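Participant: The chain contents come next:
2 protein chains.
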Amino acid sequence: MEASRIAEVFGIQLKQLNIEKEEIQSDSLTEIASHAALQAAKSRPYRVVSEDAGFFVEALGGFPGPYSAYAFRTLGTAGILKLMRGERNRNASFMAALAYCQPGKHPVCFKGVVKGVVSRRPKGTNGFGFDPIFIPLKGDGRTFAEMSIEEKNVISHRAGAFRQFSRWFTSKRE
Amino acid sequence: MEASRIAEVFGIQLKQLNIEKEEIQSDSLTEIASHAALQAAKSRPYRVVSEDAGFFVEALGGFPGPYSAYAFRTLGTAGILKLMRGERNRNASFMAALAYCQPGKHPVCFKGVVKGVVSRRPKGTNGFGFDPIFIPLKGDGRTFAEMSIEEKNVISHRAGAFRQFSRWFTSKRE
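Chains as they are written, first to last, in the working numbering: chain A, 1 to 174; chain B, 1001 to 1174.
Just chain A, with the same shape it has in the complex (with noise of 0.2 Å):
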């Protein structure tokens, strides 16, 4: 998992609960991944860490934004790329929220974003999802798909988000 790998790297251990995750509908990512670290921490003797991320179109009004799991389930990469036609502004992001719960406390959230733009096409076959049609600013003009772990690993939302919570919790404990 590509965040147990961010973690490990401020030597924070992460495990993954074997529990369904209840995701609300909300346009927030913050407040889908609060609920989801709450019910979670809800009567269970753990500290847990929930994420959410989502791809949000600026030319779309932020589309598929919290809904790019199913957007594309349904639509896919060329559903996208078909909305995307005779549009100029192709600007589009990576967002990822990370909430904190300890058992009985408000979840704590941290943000990671990543600014791009929609490619004319898809490219690489590594990553999952919108990777594939997303050419981060910071980058050499490849897609996230042509990216390895390690180098998306560098710069992404998720390791964004992850980066700034372990600091964070390393910070808490000493």
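Just so you know, the hints here were simulated from the structure itself, not pulled from any lab data. Watch out, some of these pointers could steer you wrong.
Computed list of lysine to any residue pairs in SDA-like fashion (alpha-carbon distance at most 20 Å, straight line) [stated by the list, open to error]:
(1) B:Lys1111 <-> B:Arg1044
(2) B:Lys1172 <-> B:Tyr1046
(3) B:Lys1105 <-> B:Thr1030
(4) B:Lys1082 <-> A:Gly86
(5) A:Lys21 <-> B:Ser1028
(6) B:Lys1021 <-> A:Gln39
(7) B:Lys1123 <-> B:Asn1091
(8) B:Lys1111 <-> B:Glu1058
(9) B:Lys1082 <-> A:Glu22
(10) B:Lys1042 <-> A:Glu22
(11) A:Lys21 <-> B:Leu1038
(12) B:Lys1021 <-> A:Glu23
Below, a sample of chain B positions facing chain A; criterion: calculated Cβ distance under 8 Å [stated by the list, open to error]:
(13) Glu1022
(14) Glu1023
(15) Ile1024
(16) Leu1060
(17) Gly1062
(18) Arg1073
(19) Thr1074
(20) Leu1075
(21) Gly1079
(22) Phe1128
These numbers were taken from a predicted model, which means no experiment stands behind them. Note that CB positions come from ideal geometry on N, CA and C, so glycine has one too.
Given the coordinates of chain A, work out where chain B should sit on it, guided by the hints.
Facilitator: Frame of chain A, contents of chain B only:
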């Protein structure tokens, strides 16, 4: 509200609860409505009815489905028509799921479906959401947005689900 008017025909009075509905992410309207009803009936002395509806386009893998409100806000009817360009299969349906929940009990669910096609362009100003691009088969070729509320209530998915619920509810009482 459409719902109260239909329920009243069956002698059922509905009152809008002034609370925020907890909507989960799911491909199943029944699951979304059940969860919301269960949450709303928790620690409240009311029998609760919750409803969820969506627009399902066959050629788009069911998209926008349970996320129709979000898809409408971001892509609009224009977005769906753009996605449908060149598609021969224009089959679509509106579906509604209604969950009834008595405090401390499991929710009971009812469904309503209305089949139709995606129109070539938006028509009509009544209704809301994707009504202007949906032509029900049980009609005269007009879109939902070209019908009056009274006409729509005879055939609509929402009306169908409420009608089923009302029949069940009143027969239970007798």
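Participant: Now tell me if each hint is right for this structure.
Facilitator: A quick look at each hint next to the structure:
1. Of the pairs offered as hints, the one joining Lys1111 (chain B) and Arg1044 (chain B) is violated, with about 25 Å between alpha carbons and a cut-off of 20 Å exceeded.
2. For the suggested pair Lys1172 (chain B) and Tyr1046 (chain B), the alpha carbons sit about 17 Å apart, so the restraint of at most 20 Å is met.
3. For the given pair, Lys1105 (chain B) sits about 16 Å from Thr1030 (chain B) by alpha-carbon distance, which is consistent with the 20 Å threshold.
4. A threshold of 20 Å between alpha carbons decides the hint, and for Lys1082 (chain B) with Gly86 (chain A) the separation of about 11 Å falls inside it, so the pair holds.
5. Note on Lys21 (chain A) and Ser1028 (chain B): the hinted pairing holds, with a Cα-Cα distance of about 16 Å set against a maximum of 20 Å.
6. With a C-alpha separation of about 16 Å, the suggested pairing of Lys1021 (chain B) with Gln39 (chain A) holds against the 20 Å cut-off.
7. Pair hint Lys1123 (chain B) plus Asn1091 (chain B) holds up; C-alpha atoms about 17 Å apart against a cutoff of 20 Å.
8. Between Lys1111 (chain B) and Glu1058 (chain B) the alpha-carbon distance is near 18 Å, which keeps this suggested pair within the 20 Å criterion.
9. Distance check on the hinted pair: Lys1082 (chain B) and Glu22 (chain A) sit about 33 Å apart at the alpha-carbon level, beyond 20 Å; violated.
10. For the given pair, Lys1042 (chain B) sits about 17 Å from Glu22 (chain A) by alpha-carbon distance, which is consistent with the 20 Å threshold.
11. Taking the CA atoms of Lys21 (chain A) and Leu1038 (chain B), the gap is near 17 Å; set against the 20 Å cutoff, the hint holds.
12. For the suggested pair Lys1021 (chain B) and Glu23 (chain A), the alpha carbons sit about 14 Å apart, so the restraint of at most 20 Å is met.
13. The beta carbon of Glu1022 (chain B) is positioned within 8 Å of a beta carbon in chain A (closest approach about 6 Å), and the interface hint is therefore held.
14. Annotation: interface hint on Glu1023 (chain B) holds; nearest CB of chain A at approximately 4 Å, less than 8 Å.
15. The beta carbon of Ile1024 (chain B) is positioned within 8 Å of a beta carbon in chain A (closest approach about 6 Å), and the interface hint is therefore held.
16. A hinted interface residue such as Leu1060 (chain B) counts as satisfied when its beta carbon comes closer than 8 Å to some beta carbon of chain A; here the least separation is about 6 Å, so the hint holds.
17. Taken as an interface hint, Gly1062 (chain B) checks out: its beta carbon lies about 6 Å from the nearest beta carbon of chain A, inside 8 Å.
18. Given hint, Arg1073 (chain B) at the interface with chain A, holds; its Cβ is 7 Å from that chain's nearest Cβ, closer than 8 Å.
19. Among the interface hints, the one on Thr1074 (chain B) holds; its C-beta lies about 4 Å from the nearest C-beta in chain A, closer than the 8 Å criterion.
20. Satisfaction of the interface hint for Leu1075 (chain B) is found here, the shortest Cβ-Cβ separation to chain A being roughly 6 Å, below the 8 Å cut-off.
21. For the restraint placing Gly1079 (chain B) at the interface with chain A, the shortest Cβ-Cβ distance is roughly 6 Å, inside the 8 Å limit, so the hint holds.
22. For Phe1128 (chain B), the interface hint is violated, the least distance from its beta-carbon to any beta-carbon of chain A being 17 Å, above 8 Å.
The structure shown violates the earlier hints numbered 1, 9 and 22.
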